[in-house]
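There are 2 protein chains.
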Amino acid sequence: MKTTTKSIYLFEEGNAGMKDLLGGKGANLAEMTRLGFPVPPGFTITTEMCNEYSKSGEKMPVGLEDEIRNAMKHLEEEMGKKFGDPANPLLVSVRSGAKFSMPGMMDTILNLGLNSKTVEGLAKRTNNPRFAYDAYRRFIQMFSDVVLGLEKKNFEEMMSEKKKNTGAKIDSELSADSLKDLISEYKAYVKDHTGEEFPEDVYVQLFKSVEAVFKSWNNPRAIVYRKKEHIPDDLGTAVNVQSMVFGNTGEKSGTGVAFTRNASTGENVLTGDFLFNAQGEDVVAGIRTPLELSALKDAAPEIYNQLQDIANKLERHYKDLQDMEFTVEEGKLYMLQTRNAKRTAQAAIKAATDMVDESLIDTETAVMRVTPAQIDQLLHPYYKPEDKDKAIADGRLLAKGIPASPGAAAGTVVFDSDEAVRLKEEGKDLVLVRPETTPDDAQGMLASKGILTSTGGPTSHAALVARGWGIPCVVGCEALYIDPEKKIFKAGDRTFKEGDSISIDGSTGEVIEGLVPLVYPTDMPKEAQRILGWADKIRKLGVYTNADNPRDAARARALGAHGIGLCRTEHMFMERERLPIVQQMILSAGDAEGGKRAVERIRETLAAAKEAQKAGIQARLEDAEKKLEKPWKEYRETLDKLLPFQREDFRGILKAMEGLWVIIRLLDPPLHEFLPSYEDLLVEVTKLEITGENPKLLKEKEELLEKVKALKEFNPMLGLRVCRLGIVYPEIYRMQVRAIFEAACDLKKDGVDVKPEVMIPGVGTENEMKFTREMVDSVAKKVMEEKGIQVVYKVGTMVELPRACTVAGDLAKFAQFFSFGTNDLTQTTFGYSRDDASGSFIPVYLEKGILQQEPFQVLDRVGVGRLMKMAVKEGRATDPKLEVGICGEHGGEPSSVEFCHHLGLNYVSCSPYRVPIARLAAAQAVVREKSDYSNK
Amino acid sequence: MKTTTKSIYLFEEGNAGMKDLLGGKGANLAEMTRLGFPVPPGFTITTEMCNEYSKSGEKMPVGLEDEIRNAMKHLEEEMGKKFGDPANPLLVSVRSGAKFSMPGMMDTILNLGLNSKTVEGLAKRTNNPRFAYDAYRRFIQMFSDVVLGLEKKNFEEMMSEKKKNTGAKIDSELSADSLKDLISEYKAYVKDHTGEEFPEDVYVQLFKSVEAVFKSWNNPRAIVYRKKEHIPDDLGTAVNVQSMVFGNTGEKSGTGVAFTRNASTGENVLTGDFLFNAQGEDVVAGIRTPLELSALKDAAPEIYNQLQDIANKLERHYKDLQDMEFTVEEGKLYMLQTRNAKRTAQAAIKAATDMVDESLIDTETAVMRVTPAQIDQLLHPYYKPEDKDKAIADGRLLAKGIPASPGAAAGTVVFDSDEAVRLKEEGKDLVLVRPETTPDDAQGMLASKGILTSTGGPTSHAALVARGWGIPCVVGCEALYIDPEKKIFKAGDRTFKEGDSISIDGSTGEVIEGLVPLVYPTDMPKEAQRILGWADKIRKLGVYTNADNPRDAARARALGAHGIGLCRTEHMFMERERLPIVQQMILSAGDAEGGKRAVERIRETLAAAKEAQKAGIQARLEDAEKKLEKPWKEYRETLDKLLPFQREDFRGILKAMEGLWVIIRLLDPPLHEFLPSYEDLLVEVTKLEITGENPKLLKEKEELLEKVKALKEFNPMLGLRVCRLGIVYPEIYRMQVRAIFEAACDLKKDGVDVKPEVMIPGVGTENEMKFTREMVDSVAKKVMEEKGIQVVYKVGTMVELPRACTVAGDLAKFAQFFSFGTNDLTQTTFGYSRDDASGSFIPVYLEKGILQQEPFQVLDRVGVGRLMKMAVKEGRATDPKLEVGICGEHGGEPSSVEFCHHLGLNYVSCSPYRVPIARLAAAQAVVREKSDYSNK
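If you read the protein sequences in the order shown, they are chains A and B.
For the first sequence, the working numbering assigns the number 121 to the initial residue and increments by one for each residue that follows.
For the second sequence, the working numbering assigns the number 121 to the initial residue and increments by one for each residue that follows.
Bound-form chain A, shown alone (with noise of 0.2 Å):
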């Protein structure tokens, strides 16, 4: 940051471009008053100034307060008015402004400049007597809380002590002669807390709120919510003095809030609220209801006219909806702030597809009024606000878990995901309570509208999958406890059970029993759709979508996806008729392919043996050619009955994406994951151990208990898995490439445009690659000759693997396009494994600021993204051409798409309901990196 010599701006002398200097309050009300609107004179006293006050040991930058002095002169000079002045006293508010809007920082002093002598001149100047005693005596409660530290509440008390005394039942009732005693009463309490009388000298009150707000950078407060935030420490705040108005000099004064448009519904319309002979505090505390700003409109036209005319001033000049406090003097406007104004999706889609039509602002910009959360939200039901409080009111809320997955679900309570599909199949609506989720709940997770779960972080299986499938959830619910063997969960000391109904907040992480009503979003609303429509034509990274299933498919489609970048295939197994059939084409796999190497190994053998050892080798031969024999039949009869299933798998699945790319990932996770728990079993034969009961029930369980343990790994994620599965067990890759080729051949012979491309998940190494080109080049060729068809396709890989980064180049001689899998890839750059660390040492992590992000939500630059980089650039090295797109859960993540952009990548993939989010976060990626370029 450079340091500048000035160290306090007049409010003419600055602009709404110097935010880092001035705070964005001090800016804006500087640009207001270049543009000649009503501001009342001020100065602002520079964010720098604070730094040097904070890196000194608090201490008062030298000769910042003779500067501040003769900026006092220059708004003595201007208000015609003296600062101290018993005659005509000229009277300041203070107030912080940081570059962003912080709470926790000291926010307003006003009436600064009264003292005993000063607070008469102000009685007899306004003839009003009442006004300066209450203006003295909010001004020593503000200074002694904010500047002095002394509690609000003792304040109050006394106030409220008053009241009764007097007779008063609201503030205004009180007398000017009892607000006199109370100051005095006051004076006294701060003398006695502090040791010190209240101040008189002015410049004291002005110096010691500056040094306030100062400090309030730094306070406890601050400092956790720049943490939270991630802002930077060291940008300090400005402190903006300004000449009073008041707004409660009698009933032609008034203050109040307006924007400029309608910020929950977005309608062209000034809206606001007001309260007349109020000052701004009054607003804010909502001790009186204050009234709509079309009140204003029939009390005070003029007034409302000239703020509406000041509005649509605003608003062409920042080309922004914006949010504005003024203040009403005795008839005369002043504006004393203006700022872009917070909005609901809502109305942040409608003002901006409105001031495209106006001519306000073109597309591209308002491509940046939208953000991906905003768009986020549409997309899923949601609860009325008022629905909910009233719900929170009623003393329903149960807990807060992890807002894991969008939306809102209400429904009746499951435990048991077998039970999900029974019950769903008699109409009900669920919310499936588990303590975790695993691969074998995915029929249940499908079949309900919510899932609620009280372990696991925004990564755990539940909050992939229901991210995956749009599904609202909420995960890491750890006040519930959840026994899914009893059918209950505990919330405290209350007990819920199956079929009670409860209501979750996937968006929010709240859970609430009961049902709230549900509001389900139709479409994506149109000026939505417009919104996306530009950002598509802005964009260069493609969207395409991860699906697994037509459904899904085609609804990606609708949103706007433009091909499936990732299908995996490993769902399909886990159907539910298929299931057997996959456990037995597993338990065989071992022993056929295993005795076909061995087979091979000794064929070899033979081959290269000396005469006197062939009669041997012979022997050992045909006996493993027997031993071969029964696994062998199993294990192709298996996965014959596979082929038909997969092949209507993929039929449905390029049918729905007619024209498109749809890239089918073959199987990719260990075995295992299809059998029965290891643990489960193990019990199971415990028990039959003991009691002795059904010996052959016993045999069977002992025999499928070695079995999976032989199939059991220590780190699954780093074992028999991805292509290592295809190269140790090629017939099941085989199958699968040939149901893709059946069912693209089929569908061509009718006429259907299709465009696979095969991906092998996880390989590293040039050879896997290869090997597994050979292979699908060879089976694809097959069926083509077979049907009599040719189909354009394609065959890449999925880099997901450090391994795989380092040889990229090498990769790229024989994979026609690279997805990186930054789930995986994320996992093992940082030898994280998704389910064990968001849950265990990443939330400490982020607690303990070692981490800023959570790697698996947010694109490691650094670290992952270096090797994604190194991916790119030597993968086109050997291949200009080479497709590079992104599959893993950071493919729908803003920031990482904007990443991607940056990597030149030729896509994102993402789940279905992130498709707009992609959209809209690649077209913003573009005009950023524009708008970087120009600022250099």
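Simulated from the structure, these hints should not be mistaken for lab results.
Hints are not guaranteed to be accurate.
The list treats identical chains as interchangeable, and a pair is accepted whether it falls inside one copy or across any two copies.
[What the hints assert, rightly or not] As a list, the in silico DSS-like pairs of lysine-lysine whose alpha-carbon atoms are at most 25 Å apart: (1) K807 to K829; (2) K819 to K807; (3) K827 to K610; (4) K433 to K417; (5) K807 to K607; (6) K734 to K520.
Here the structure of chain A is known, so what remains is to put chain B in place on it, guided by the hints.
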């Protein structure tokens, strides 16, 4: 490879440097000819001709036959005989000869040039018809076998039949006439089985033989061998055609092999075998027992002296121990081959040091003459070959597993680690037999002389620990069925039980019934120490050791280690008396550290809270503080109990390594490794539940089960371990750091020169390094202040995650050294779990040629190496003095050591028994690098 136009080289045209073109045998024959030794004239057809032959689909290269005819003319002139001339026939031998000696290729055809006419000429000229017919008989047999592909045994049967019919007991009793008959039968057999006459045309004989050599390059046995030995397929073989000399013309003839020095002991004495009146194949066939070479000394001193003279000259010329073949024909000596001799470890070392003393070679050459594997052999007990051979001949070989840690062990079978500890105390030599080992077995392994497992590969737990401790080990012995419950193992249909004796050979993988007598190497032989001393002067890499206790440290120091590169602290936690304390500590750690974080969080919230909320937060704080009390007390108490143990651990190690750096790694493994097995507990609880016998125990076990379950991870390798432990549970690391510095200060007070280095495992982000560095520095400072002693120390990190490599430049801001943990780095870079991959898909990958090397044994230079290079470069860019080493298993593997040299590391660290290997390998890397440069 450059192409020459010359397809044939006469022996006098070549030299020893032309092995690529002439093969090893041809080049050495040319060299001997060039030097003037008595070599029967001949020529070599180049390897390029072989490649041309293969590439053209097995067609003789155009013009080659004419070239051969020309070369034969040359031979005829030199020999004064004519090829195919019945009056004075020239006979030749045809031999293959590739660059590397290769079994499986066509070996030799002798006596080529004989047919029905020349045989008569030979008979006449030698005046020895029996000799001539026997030569012809042998030729037909060899030619039929290797050129015509007819089975040898059929010819042998015909000969046996002939002997039977004629009453001859041995071959030489067959008369000339009988041999003549036999030749007719041979020819008839050939005609019968090939449809063609046995070739009379001597050039047809020659060309077919040359083709047969060419073809043999691609025979299955040769292909399999090349694949196994990583010999490129495009080298090709040369063909040597040499005029015949005969060792079987009578008692003044003979044939033999000789070594310039004793190849078993290295003694500088000409040794070898000799047979009178014999052809080469008779020596090889082993039908007659050859005489020692000294017999020749007595029988034909002139020949012997000539041989001795040639041996001396050859050794001086080649400057290496030679293995020679020679023939004596009628009192004249001919040299048929010389090559560098294969030799035992002892011989290699003795010959190398002797040759230095004889000024034959320099020390650098001597260092290159010993292989790291030979040095390794010297350090382990072994079986005398004759003892082992006898045991195997007696049928006592039970199975063969994977040799995992070299050396032999013989002892009593034990199945249980606790039992091993007990039996050890009784003074028994034990072999621990387990399906696999886990960290729980550490004490039992340490108590055993040998370890045998039925599962796992060369990097399984058993293998790693065994190598680390220098305990002979055989793993993955799948032929054995081991049942530790029943305390038996089965080999085939035989069952062995606890107390039975077995012998294992960790260098070969053999498992033998009963006790084979062991030979214990005493110290490293003096000659080996000289070699290693020379190596030390050459090498640039430092050699450190991985040692966890003073005994290992002292041993490694004696073997030449110059520091400890990795002192693991987890084995210390496993020790019998500490484990219960460690377990108690772990069971309280989560509640204690988690509770402490909660308290801190609430305190922060309280500080940042608004007035109105403070009371409620204060109450929550008090609750949290109260809840923390008990676990914190337990946690602190257990840590305080562990502190003195750890202090003693470090005291011992630091003292043993006085004056040298000792790198101590803070706790690394996931905590559940210290707890009882989840599955065992599950079974126990299930049993207790069913029997209902002991409700109190059930409750206890259930609680333990819950806690163990909470610490259970899906992928422990990627879970809460390494520095994550120290950040989530900082008190554990603080205790360890305190113990290190208390020990160091106490020792220094006693005048011991201590040099501790603290190593943080598994750092992946700059903040982890910063956090832990600050933690170590602050505890170190505190302890040193308390003790009033300053100790020089360093803090560094183990670079074992891909992300660490990508941010090495940032890590080096806080790390004073890097040590590559290539075991883990290989795991995460490849995405292979060592435990799962080595016994599962890696063997398949090696078999299918997907991987060329097992990456946990030989460092992967392409992927892992690239990340290491990045880390070295960027770490040193930040801190040019950054010390970089390696402490993974690769640190003791020669090819990996060489790579580390190329990377410019400062040191390698390996298990004590591999220190001499690393010293040698590091020196060899330097020499090889120099010669690589000089070749350019």
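Status of each hint after checking the structure:
no., hint, in the structure
1, K807 to K829, "both (18 Å within a copy, 20 Å between copies)"
2, K819 to K807, "both (13 Å within a copy, 18 Å between copies)"
3, K827 to K610, "between (38 Å within a copy, 20 Å between copies)"
4, K433 to K417, "within (18 Å within a copy, 120 Å between copies)"
5, K807 to K607, "both (22 Å within a copy, 24 Å between copies)"
6, K734 to K520, "between (73 Å within a copy, 21 Å between copies)"
Taken one by one, the earlier hints all hold for this structure without exception.
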